[in-house]
Amino acid sequence: MPLLEPKPGALRPRGISGPAPDRVPEHRAAGTPEPLRTELAELLGAEKVLWKVSDLVRYASDASPYRFVPQVVVIAEDIDDVSAVLSYAHGRQREVVFRAAGTSLNGQAQGEDILVDVRRHWAGVEVLDGGRRARIRPGTTVFRANAALARHGRVLGPDPASAIACTLGGVVANNASGMTAGTTRNSYRTLSSLTLALPGGTVVDTADPLADEELARAEPALCHGLMEIKAEIEADPSLVARIRAKYEIKNTTGYRLDAYLDGNTPVEILRGLMVGSEGTLGFIAEVVFDTLPLDRELCSALLFFPSLPAAAAAVPLFNEAGALAVELMDGNTLRASVSVAGVPADWADLPKDTTALLVEFRAPDEAGRDAHERRATRLLAGLDLVAPVASVTNAFTRDPRTIGGYWTARKAFVTAVGGARASGTTLITEDFAVPPSRLAEACEALLELQAEHGFDAAVAGHAAHGNLHFLLAFDAADPADVERYAAFMDAFCRLTVERFDGSLKAEHSTGRNMAPFLELEWGAKATELMWRTKRVVDPEGVLAPRILLDRDPQAHLRGLKTIPRVEAVADPCIECGFCEPTCPSQDLTTTPRQRIVLRREMTRQQPGSRVLDGLLDAYGYDAVDTCAVDSTCKLACPVGIDTGALMRDFRHRRHSAREERAAALAARRFRAVEAAARLAVATADKLADRLGDRLLEAVTGAARKAVRPELVPQWLPQIPGAAARRLPATRRVGAAAVYYPSCVNRIFGGPDGRPGPSLPEAVVAVSERAGKPVWIPRDVPGTCCATIWHSKGYDAGNRVMANRIVEAAWGWTAGGRLPLVVDASSCTLGIAHEVVPYLTEENRALHAELRIVDSVVWAAEELLPHLEIRRTVGSAVLHPTCSMRHLGDEAQLRAVAEACADEVVVPDDAGCCAFAGDRGMLHPELTASATAREAAAVRARPFDAHLSANRMCEVGMDRATGRGYYSVLLELEHATRL
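Add 23 to the 1-based position in the sequence shown for our numbering, that's all there is to it.
Worth double-checking, as some hints may not be accurate.
[Said to hold, decoys possible] Label pairs and their in silico Cβ distance ranges: (1) Gly838 - Pro778: 22 to 30 angstroms; (2) Gly987 - Gly564: 50 to 58 angstroms; (3) Ala705 - Leu658: 48 to 56 angstroms; (4) Arg421 - Pro732: 51 to 59 angstroms.
These are calculated hints, taken from the structure and not from any lab test. Positions of the beta carbon are idealized from the N, C-alpha and C atoms, including for glycine.
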């Protein structure tokens, strides 16, 4: 056992509220039962089978109001793994559910037996025919696919609000559409072909000319059954008419029965049926989409109306004028959106009934945009618009930033409103459609129904298509509140079907919460055809039972999840999953959502629970140690939940008083610590040259086992040598800025084998060349941005150094008269923002007067206009750091790089490298996992320069790619050198 183990029990929740009715029972504490665990491990390999109770719990939740704990989780790497699992399940009467992003809102990504993760190893985009088509793997997010297509001026048709997180497999499986897709640009209409694995293991590529012939040999009963259903439907003219009418508006309730009308062969029918089938008919292994033109000329407006019906009444006018999107947001939605960064604060004061329409026109050129704008502006004169707060303009704009802000508010509907719900309540997201001409009438009826059942729901949606969403919050632990919700659902479904002949699910797919109402909408005959379809394709009922079809009239009330209170920073989480694609540890251990999900399960348990003990045993490494605390999850979360901050707090809780005192002492004596660290790096570098890296790796490895891996870094061959003992000589007189070389650049030198100046020398040189000389104070050694202590949760040391650096900077900059230029992006972020909570009241006032400028911003905005570029490299690949994302400095990094290179590339999969100071040396596996996709893109072609803006991030990328990364400012110095 290591000498310095964390404080036992430090992570135990302080306010356990259990036992909750939906807690994981004690008999599940051992995780996956035998022989299931052993048999799957032997079949697939132990590394592909997740069996601990913590693994099962973290996969038990998705963005829906349901929670089902699987028996086992399988990480499938390829189609062979999927086929093996299906064959295994067939022989043992087991059930299989596929899960990718887990952003579905109706429980489609949850299973009670074998859950198969098809996100981790299933990403990839191949652009075809100059962008007119795209071959996409199912674990690829919509955002990632569109990033690849944008370079060709193309875009996918489906555009769900969760595009940053949802994957194409789920989009197709749910026929998700979004703001502009309607009924003509959705998956059903734009999917060219797909490759699927049927429940029996047969793999079908619908684009293969021989696909029908091969399917007939492999699955003759399936082919016969599909063609029999097709003939039966076509023989009933009234049924044909009913099916066609149902899809004139958005509809994802049940199976796509029009697939039988649109397809002429079993394979063609299967292609259509798979869209919206929610994983109940097969596994979608690959899709090929026909893409659409990316019209870049926009004009948009956010128009405010006195009421929901008034706004709805205006929708047809904009549809007739050619608007591509007409999005509705009611007063509850608008007020809740204030929590979203960039939304005007005065929206909080909007009157209760105020409703807004986000209207957007798109065109391929300026002439088309101008024509749209003229028509739209003429419409405004006849509308009953209101401007109840100062930020409301009720005018069309072309400004990309303003338009982006409008869409940010709209796309945050579920998460922002969900984050504002009462603590401890469960969120339900409903999604229905009516004929667009009856939208205003439906809005009035919905408001009346909500009032009758005591709900004050938020309403938003794709008004152009008659598609609205509304959110309800209730206490799933309170039987009376569940009954209230059940009564509302019964009334709502009857209203939608009987009064409006609408769709109970317009784009979120049937799911668990609408399966009991399927027959209400479709009638007995059509519903029975859906059941027959399921039996034909999946006769043993292996795939996703009870998700789309369920004869239990109370099925939508089964498995509702409670939301127990957790730490305040995480309590608003609705488990949407938007944070997951940006998380560095997503493919190694846990994601921000899963960290919160695990925490909630801990609070559901009662003291002494073996399940609680199992969760705590795993949480230290899986959640706390392998969090990079980069807080990019905060940027992705629409309500700004910073799970990284929570993990820092947990690190603090695990510290003993002795550790805290030692950290504070190191802060007070940092000048000596800095010198010792530089000496240690120099010594290690010499030893590595003489004895080789393996000996140092063995020595540090032994020390990590003896002391604690979280405290002793692992030696890595990519660690650079020591920096020079002395910083460049500069003069205070005439300086345009104070230059603060970060401690990492005072301890570690530049890239090995690269001739030229050090980073401090380069910053001094290029500033001088631009006529903007900088001054380095002599007492810089011994100071730090405090990030060392901040990231590890050493609060006492953090306070010491935070106050020291602010006091020093105040003096250096003459009370803020000169900017403080910092040469590492993480240190810029630390001094500019992260030190503030740890400052005394007096020093907080001083800090407010400081101007903290990242060196890349300094170079882009102050130096480049005055520099002559004398030479460039052919190509450069950039690694923007996560700190730059927080600071908003990525554009400046690109600007400096573009001055130095003829071609600049930022990989589509660029993200946080997770080196995080020394985290990459404490847990090298974290950086290896975080950088895998970006590194693959970098290694796929040669580059002349590999550039970033933080020394330790550069080390991390060195290790990941085998290429030498260095500061973009070193390249700028070389480009401008005489």
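Quick rundown of the hints versus the structure:
{"no.": "1", "hint": "Gly838 - Pro778: 22 to 30 angstroms", "result": "violated (40 angstroms)"}
{"no.": "2", "hint": "Gly987 - Gly564: 50 to 58 angstroms", "result": "holds (56 angstroms)"}
{"no.": "3", "hint": "Ala705 - Leu658: 48 to 56 angstroms", "result": "violated (38 angstroms)"}
{"no.": "4", "hint": "Arg421 - Pro732: 51 to 59 angstroms", "result": "holds (54 angstroms)"}
In terms of the numbered hints stated before, the structure departs from hints 1 and 3, listed from lowest to highest.
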